[in-house]
Amino acid sequence: MSAEVESQQSQETNGTSKFDVPEIELIIKASTIDGRRKGACLFCQEYFMDLYLLAELKTISLKVTTVDMQKPPPDFRTNFEATHPPILIDNGLAILENEKIERHIMKNIPGGYNLFVQDKEVATLIENLYVKLKLMLVKKDEAKNNALLSHLRKINDHLSARNTRFLTGDTMCCFDCELMPRLQHIRVAGKYFVDFEIPTHLTALWRYMYHMYQLDAFTQSCPADQDIINHYKLQQSLKMKKHEELETPTFTTYIPIDISE
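In numbering that gives the first Met the number 0, the protein residues as written are 0 to 260.
It is worth saying that the hints were derived from the structure and are not from the lab.
In this text the structure is predicted, and so the values were computed from the model without any measurement.
There's no promise every hint is true.
Here are the simulated SDA-like cross-link-like pairs (lysine to any residue), alpha carbons at most 20 angstroms apart as the crow flies [as the list claims (entries may be wrong)]:
id, residue 1, residue 2
1, K139, T218
2, K190, L233
3, K119, K143
4, K143, R181
5, K133, D257
6, K238, R181
7, K153, K106
8, K131, S149
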């Protein structure tokens with residue numbers, strides 16, 4: 000397999016042996032540019048964030064492994080055949096499907112239950128956001144831009160009304176791990192392909208993104224801008240330019256408005 004990244008928390012013992020907690024491995028897709036760094040799979044980042052938060056709480060020891068799906072190594076093909084990451088491995092048990100991974104984190108991994116809060120309003124609010132991004136990138140017309148903008152406005156209004164740091168309160172939950180990677184794809188891919196930008200007047204949304212950018216769970220799991228862009232180029236059968244392979248990875252995390260705490 001490709002480069003492995005252990006979460007910092009798995010190595011910080013503070014008097015507690017890391018062998019006292021279960022060791023969880025998450026296999027994620029590698030970059031389609033260099034085949035080693037983190038790729039731009041939304042589900043991979045979502046579960047990476049979930050598990051990173053648990054590793055920070057020291058309920059688990061987390062190991063993250065990237066695998067190049069364009070040239071999967073023999074041991075990966077032997078163990079998983081044509082299955083694509085994310086793949087979660089817990090005590091030798093491999094969980095291969097997204098819904099099963101989510102259920103396993105919630106029911107079987109220490110602390111996981113607390114991440115999966117029940118909030119139908121929020122669940123409905125963030126549903127189909129990614130679909131609207133993909134439609135905008137394919138159709139490239141004002142109607143699709145407006146549909147995505149309307150959806151972002153609803154999320155902004157929700158955050159403004161609740162006046163909390165995150166979607167359901169002042170601590171992160173599974174919904175934040177789902178939403179923020181999608182917002183990053185909207186920000187990076189939307190700007191690159193159709194010059195779409197999240198409006199600065201959506202101040203509650205930008206404040207939310209600011210808080211997320213401060214968290215290791217997001218920054219450690221976030222793919223480079225180039226990988227997000229190449230993810231959609233591949234979907235549209237566009238070729239990567241040679242110089243892109245040589246570019247130093249960049250990460251768009253600045254906030255275009257003044258955020259008052």
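Hints versus structure:
no.: 1; hint: K139 x T218; result: 29 angstroms, violated
no.: 2; hint: K190 x L233; result: 17 angstroms, holds
no.: 3; hint: K119 x K143; result: 26 angstroms, violated
no.: 4; hint: K143 x R181; result: 16 angstroms, holds
no.: 5; hint: K133 x D257; result: 30 angstroms, violated
no.: 6; hint: K238 x R181; result: 23 angstroms, violated
no.: 7; hint: K153 x K106; result: 31 angstroms, violated
no.: 8; hint: K131 x S149; result: 10 angstroms, holds
In this structure, the hints that do not hold are numbers 1, 3, 5, 6, 7, in rising order.
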